[in-house]
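Number of protein chains: 2
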Amino acid sequence: MKTECTESQFTHVAIKDLFWTQYQKLINEVVIPYQWGALNDTIDDAEPSHAIDNFKIAADQMQGEFYGMVFQDSDVAKWLEAVAYSLSNHPDSALESLADDVIELIGKAQQPNGYVNTYFTVKAPDEKWTNVCECHELYCAGHLIEAGVAYYCATQKTALLNIVCKFADHINDVFGKKPGQLLGYPGHPEVELALMRLYEVTKDERYTQLCQFFIEQRGQKPHYYDIEYEKRGRTSYWQPHGKAWMVEQKNYSQAHAPITKQTLATGHAVRFVYLMAGVAHLARITHNQEKLTACRTLWKNVTNKQMYITGGIGSQSTGEAFSCDYDLPNDTAYTETCASIGLIMFANQMLQLEPNSDYADVMERALYNTVLAGMALDGKHFFYVNPLEVYPKAIAHNHIYDHVKPIRQQWFGCACCPPNVARLIGSIGNYIYTVKDNTIFTNLFIASESTLSLAKGEIKLIQKGNYPWQDTISFKLEMDNPSDADIALRIPNWCQHPKVSVNQSNINAENKNGDGYIHINRQWQTGDEILLQLPMQAMLVRPNPLLRHDARKVAIQRGPLVYCIEQADNGEQLHNLLIDSSVALKCVEGSGLLSGKTLLKAKAYRIDANQAQSQPLYSYNGAKPALTEYELTLVPYFSWANRGEGEMRVWINEL
Amino acid sequence: MKTECTESQFTHVAIKDLFWTQYQKLINEVVIPYQWGALNDTIDDAEPSHAIDNFKIAADQMQGEFYGMVFQDSDVAKWLEAVAYSLSNHPDSALESLADDVIELIGKAQQPNGYVNTYFTVKAPDEKWTNVCECHELYCAGHLIEAGVAYYCATQKTALLNIVCKFADHINDVFGKKPGQLLGYPGHPEVELALMRLYEVTKDERYTQLCQFFIEQRGQKPHYYDIEYEKRGRTSYWQPHGKAWMVEQKNYSQAHAPITKQTLATGHAVRFVYLMAGVAHLARITHNQEKLTACRTLWKNVTNKQMYITGGIGSQSTGEAFSCDYDLPNDTAYTETCASIGLIMFANQMLQLEPNSDYADVMERALYNTVLAGMALDGKHFFYVNPLEVYPKAIAHNHIYDHVKPIRQQWFGCACCPPNVARLIGSIGNYIYTVKDNTIFTNLFIASESTLSLAKGEIKLIQKGNYPWQDTISFKLEMDNPSDADIALRIPNWCQHPKVSVNQSNINAENKNGDGYIHINRQWQTGDEILLQLPMQAMLVRPNPLLRHDARKVAIQRGPLVYCIEQADNGEQLHNLLIDSSVALKCVEGSGLLSGKTLLKAKAYRIDANQAQSQPLYSYNGAKPALTEYELTLVPYFSWANRGEGEMRVWINEL
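Chains A and B, in that order, are what the protein sequence lines are.
What the first sequence shows, in this note's numbering, is residues 1 to 655, in sequence order.
What the second sequence shows, in this note's numbering, is residues 1 to 655, in sequence order.
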């Protein structure tokens, strides 16, 4: 994939990985065609989309009404972005031609001044830019810009890039501090990170300046959301008959204070991470220390106090939002797939900003657990919400679980997550390495061939392995001339006794740098091979004692994968299973739907509940319940709920 | 209190109990005056009520608009009912005069045809009886009827009784199967049990027949809620701009099926128990086997599958409703005070229907735990919601707790619970005994003097003791002539080795009847004394293994009182305290606000969380957390949250 046009310093990554090529194949062969069908409403039983028709109507190619969410356009943009990555990985002229047609359609729907948004063009032409707090106009713009950048990088075609540049220029005319311009910024951040990507391609500093404007206006007083609310006559898009709570609850959009004054992750989780990805990118390009400090502070809060073991964030359904430090309920969690995707984008920007393996550890955790759990193994069903504990019987009756689905759904009315998974998997090559000066940092272990541009020349790195299942990764180097590059290997925080050798000579692998990487400095030449072994025995994970929902429970992790227990393997009433943490876990090969995956077996005990229906609810002075030995089967969390509806839990009661 | 005019067979109960006279004193001296102030909006900081003003406006004594909930009138009715009980216990001419004035006001607000409801009279005169599903018109009627019956019994004054008879007669004209009558029945049951009480006073069978009509119409097809919905043009009182979900979700009002076809407690918990109290009463009076069977089935479902250890019911906030069997979350529980009051009324009716100590066990559990927890020790603050676990830090941020208050509130906009507590405590004498033919069943242990009418004459029973703190209860008998009455002593289900003696001769107290009582049949004469000893060592309670929220936890109960741990005694992070169930609990005397109460001490261990803020969220392969010995202090659940905001939990982690 050509990426000189993105922010990465490297020039080519070809994925050769067993695990990820299967996913990329699924994206190319199933997800993208399926999503194209969804956008065109040709999938039976899926919720209607109408997204392509909206563009046709806006382009005067069709009669009709706008249909869908106010941000319906973003589904088309995310599909195009996913197509762009797919084309870089697997050229496909029919798909490219289809995408070109969509781009032509978007061009026809673009207004003469550069404006693109079918909701406002078709349905509310007089309301453009009157409600940036609630109406996702800049959010949709951001996704379209991202698609334009990606499609240009993939194909070198400029049609969509020109459309989005013209649109960005229009936005730059509308917003700003000059007389007649609006002082606004998006309710749903996204355009910030997109403008930074557009800058990386175009090097046009108006885009970084516009991004900076949006970020620095955020949270200023008098508050812009109030100003525009008054100006439009106190109307609310989402509550036509009620209070405009998005305007009132400014922390929902992280707009309650300037970002450099914020210390706690709050509000809508996706908005937060999208915003922070943009802030971190801007901080790097502008060398802004204050923004860097804010990024570090907020990163630490979210990952040290408010993140699930699966890399999920956003612990409540109301507002799809953060709660407070250490409030991580497992069954009512929101943990949106998109929020973990945004967390990966934030992590990636932090890695670009400063090397620290913590960022990559979180990236890996979110990627291999929540993000992959967002999509079924068939590529056709998706989770928006990724709980860590599910009890389907109660979901049907107790409304605290209204947001939780025990099995993945075909398509959503609000379809943000499925195309977001597709674009992340398609662009996974962007997340493997970061390069700083003359150092290559290895962040993800994904077999691949990458040509990386260092300060002192190019190096081709051939990574091999069968991660996340097997523990040995090799890196072969190729270069035109010997190089004294620094190669920094991430030692994941789950790995306790790594081994490293160069050309079969061992290196002290306990000696991590302050940044969490093992740095190998030497004169490299073509044919050199680094072997990295990350022993992957299954491990117990214990919760921080402030995590009340996990008290007296353990989770199980092997390599980067968090495991769970499912009813399909272990029967009902998973809370009656107690794992014996004194006995080592065993690896076994999965079969059927889970073939190719490593499952785990654990010694455990079961509290008998066979007679429970006829027993009283409460018993006095009874003995502790009798235990029967039982062998637990654990499956990777990302593969749960592929075998029908059933109970699941990540945190298992400990004997 | 004179009670020949209620359904009870006895004629006089005077409460002489230390525990309950304190509560009755609080009701008389604090709650009733406070609530009078609230009804008249003279309490600072309390939510506005306007309830008396609404009647003044309806009576043309004042200009103004109706304000408040559509069922605002019921607060006045419940206050009057509480006043009636208060007057029977403690005559107070000033209070009686005040109540007479209110009754006169209600009479002036009554329409010539008998109709009373200030919302409809003042605000929506053309909409009377057009929306019985949503609008609580019959619910308010029911509460007024209850007040009329109670006030007549307390004072022998007929003014309010005449008002409610005239109203009931009007309702009997409006509803029925004759041409021109409505086939409707209340969305919120209450009028059913009230009509049965009115029948007990008046012996007018039109009231049982009207009650029977309401009960038997419920759930018939075509559904009346749909019929009236169409007739009024598909409007909704609660959702003027949305769907009429109360009409759609018929199980919310237990109107999804005829009551004799229902087997699971579902929907709004208060509606359910109010309805069932009426059904049980009707089944007794009409000797209807089918309704009796439905009562037994639904009683078993609610108390064996859906009841908290505190006697709370309704495990979710949405719809203030039941969830499904065994779904009893402790922190998001709704467990409304009123629902437990209704459960007591249902239990009392079941006891009248058939003797079974199960009913009284549940009655005692709900009374001494959830109902008393509904009111602060100062009588001025109230809980609507009674969770079994509270973590105030998260309540402020996580919206799954929006309904949970960590401290009691002054008054509610929807003020159903405070006056309901007042009327129950005022009428507690009604729940002590049931009499069947020649048998006296002792249900509650409350020191009192009662004159009971048996088939073969009157017996005066003088009950003494210091329940729930002390374990010995005595019953002295007085009668004009020797009697062969059967005296049946309830042995609570928590009591394992009761002792009984008659005139100091022991009786085999292990030999319970099939109904759960120890029956003593002998020739009684004045001066005979029964001593009942119910040993009250503090006990561990274990949950049914299907209660996943309580797995590996124990609760503590002593006598009828469920205990809890509070932050005020045990510090923060109550989930890090593990009780050692192998060591006996100790009783200690409470002090300060808790003086006079028995507290408990338990051997326990604490997981150290002092350094937790600086530790990672998740740790690999660590040892089990270190434990430090700690002595837990437990307080009766009903007395929690009287010492400021803090954590609380009933179910304690077991070592």
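Hints are computed from structural coordinates only; laboratory data are not their basis.
There may be inaccurate statements among the hints.
Identical chains blur together in the list; that is why a pair holds if it fits in one copy or across any two.
Claimed, not checked - For lysine-lysine, the following DSS-like pairs were computed, each having C-alpha atoms within a straight-line distance of at most 30 Å:
| hint | residue 1 | residue 2 |
| --- | --- | --- |
| 1 | Lys380 | Lys512 |
| 2 | Lys393 | Lys460 |
| 3 | Lys157 | Lys177 |
| 4 | Lys624 | Lys300 |
| 5 | Lys157 | Lys250 |
| 6 | Lys300 | Lys16 |
| 7 | Lys108 | Lys405 |
| 8 | Lys601 | Lys456 |
| 9 | Lys261 | Lys243 |
| 10 | Lys243 | Lys203 |
| 11 | Lys603 | Lys512 |
| 12 | Lys203 | Lys166 |
| 13 | Lys177 | Lys460 |
So, going through the hints one by one against the coordinates:
1. Proximity of Lys380 and Lys512 under a CA criterion of 30 Å is satisfied in neither setting, with 42 Å inside one chain copy and 62 Å between copies.
2. When the C-alpha separation of Lys393 and Lys460 is checked against a cutoff of 30 Å, the pair qualifies neither within a copy, at 53 Å, nor between copies, at 52 Å.
3. Neither within a single protomer nor between protomers do Lys157 and Lys177 lie at most 30 Å apart by alpha-carbon distance, with minima of 34 Å and 77 Å respectively.
4. Taking CA atoms no more than 30 Å apart as the test, Lys624 paired with Lys300 passes between copies only; the shortest distance there is 26 Å, against 41 Å inside one copy.
5. For a Cα distance limit of 30 Å, the shortest separation of Lys157 from Lys250 qualifies neither inside one copy, at 40 Å, nor across copies, at 59 Å.
6. Taking CA atoms no more than 30 Å apart as the test, Lys300 paired with Lys16 passes in neither setting, with 33 Å inside one copy and 62 Å between copies.
7. In this homomeric assembly, Lys108 and Lys405 never come within 30 Å of each other (Cα to Cα): the closest approach is 39 Å inside a single copy and 55 Å across copies.
8. In this assembly of identical chains, the alpha carbons of Lys601 and Lys456 never lie at most 30 Å apart, being 49 Å within a copy and 71 Å across copies at closest.
9. For the homomeric pair Lys261 and Lys243, the shortest alpha-carbon distance inside one copy (27 Å) is at most 30 Å, but the shortest distance between copies (43 Å) is not.
10. Proximity of Lys243 to Lys203 under the C-alpha cut-off of 30 Å is found in neither arrangement, the shortest distances being 42 Å within a copy and 52 Å between copies.
11. For the homomeric pair Lys603 and Lys512, neither the shortest alpha-carbon distance inside one copy (34 Å) nor that between copies (45 Å) is at most 30 Å.
12. For the identical chains of this complex, Lys203 and Lys166 are intra-copy neighbours only, at 15 Å inside a copy versus 85 Å across copies, given an alpha-carbon limit of 30 Å.
13. Within a single copy, Lys177 and Lys460 get their C-alpha atoms no closer than 46 Å, and across copies no closer than 89 Å, so neither meets the 30 Å cut-off.
Checked against the numbered hints above, the structure violates hints 1, 2, 3, 5, 6, 7, 8, 10, 11 and 13; every other hint is satisfied.
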